[in-house]
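Construct all of the structure, not just a fragment, from the sequences and the given hints.
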Amino acid sequence: MGAQLRVYKRRIKSVTATKKITKAMEMIAASRIVKAQRQVAASTPYATELTRAVTAVATGSNTKHPLTTEAESPVRAAVLLITSDRGLAGGYSANAIKAAEQLTARLKAEGKEVDSYIVGRKGVSYYGFREREVTESWTGFTDSPTYADAKKVAGPLIAAVQQDTAEGGVDELHIVFTEFISMLTQTPVQNRLLPLSLETATAEENGAKTEILPLFDFEPSAEDVLDALLPRYVESRIYNALLQAAASKHAATRRAMKSATDNAGELIKSLSRLANAARQAEITQEISEIVGGASALADATAGSDK
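Here this note's numbering is used: position 208 in the sequence shown is 208, and no number is missing along the way.
None of these hints come from the bench; they were simulated from the model.
Misleading hints may appear alongside valid ones.
What the hints assert, rightly or not - In silico lysine-lysine, DSS-like type, Cα no more than 30 Å apart, as pairs: (1) Lys151 / Lys64; (2) Lys64 / Lys20; (3) Lys269 / Lys20.
Computed from a prediction, not measured in an experiment: that's the story for all the values here.
The following block contains the structure:
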């Protein structure tokens with residue numbers, strides 16, 4: 001009984017130490033979420049307005065730019081997958097990888113070759129373990145990305161879009177990341193960045209939709225404006241996606257660590273009950289042994305008196 005009680009005490013001590021670690025990680029993740037949310041809120045308006053500006057240039061001119069013009073027969077697409085450098089975040093990276101796999105399967109079903117670009121060690125490890133070809137990968141900044149990191153990722157992608165497919169270029173650019181919706185909800189999304197989908201603005205007038213075509217004069221030319229704006233557009237969208245993914249990862253880590261902390265607390269309660277039961281059994285056994293010994297001694301004394 002004494003040995004069993006010592007085992008329970010060691011397990012309680014070990015689980016208590018683990019609970020302290022998971023609680024600390026939960027608090028760290030919670031503090032990082034606030035900063036990540038602020039960065040997402042700050043970057044989203046810029047990315048949105050830049051997208052509107054690019055759309056206005058493309059719809060307000062007759063310029064056929066390679067980054068806004070659909071290929072007649074697209075043969076190759078680039079897919080940028082954003083995962084995490086670290087684990088302990090539940091199914092965060094796994095869900096993003098699953099969404100990328102679905103997108104890749106759909107593109108291949110359409111007859112397109114797919115070039116994979118990966119952000120985060122989890123995605124790199126997944127593709128490496130399965131010996132899948134990765135065109136380029138980046139790691140080390142997923143927890144706290146900067147605009148410089150987004151530019152570093154966007155560079156090869158923009159070059160691939162501008163390059164002819166016969167020389168290894170791509171016709172389309174897709175991105176898969178986890179969108180931060182709330183502290184409890186983070187959803188993997190698939191977006192096509194290029195060619196840019198040009199949607200004409202509409203206004204509701206007397207129940208009928210009237211197209212509003214912006215009219216602009218461009219200096220030096222619409223094509224030069226697009227050349228300048230589109231790389232910024234790609235960089236801003238990737239930066240926003242990196243920030244959304246970082247906030248989602250911290251939220252997933254907080255949720256996973258809270259669950260681990262709660263489970264550790266329940267396990268400690270269960271082990272404490274077992275330890276108490278073992279201690280009571282040990283005390284009961286000792287009392288029984290004492291009573292039995294006293295009874296045997298009394299019987300022996302009574303027999304010697306006779």
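Results for each hint:
1. As the CA atoms of Lys151 and Lys64 are separated by approximately 25 Å, the hinted pair is consistent with the 30 Å bound.
2. Taking the CA atoms of Lys64 and Lys20, the gap is about 60 Å. The hint is violated against a cut of 30 Å.
3. At roughly 15 Å between alpha-carbon atoms, Lys269 and Lys20 fall within 30 Å of each other, so this suggested pair holds.
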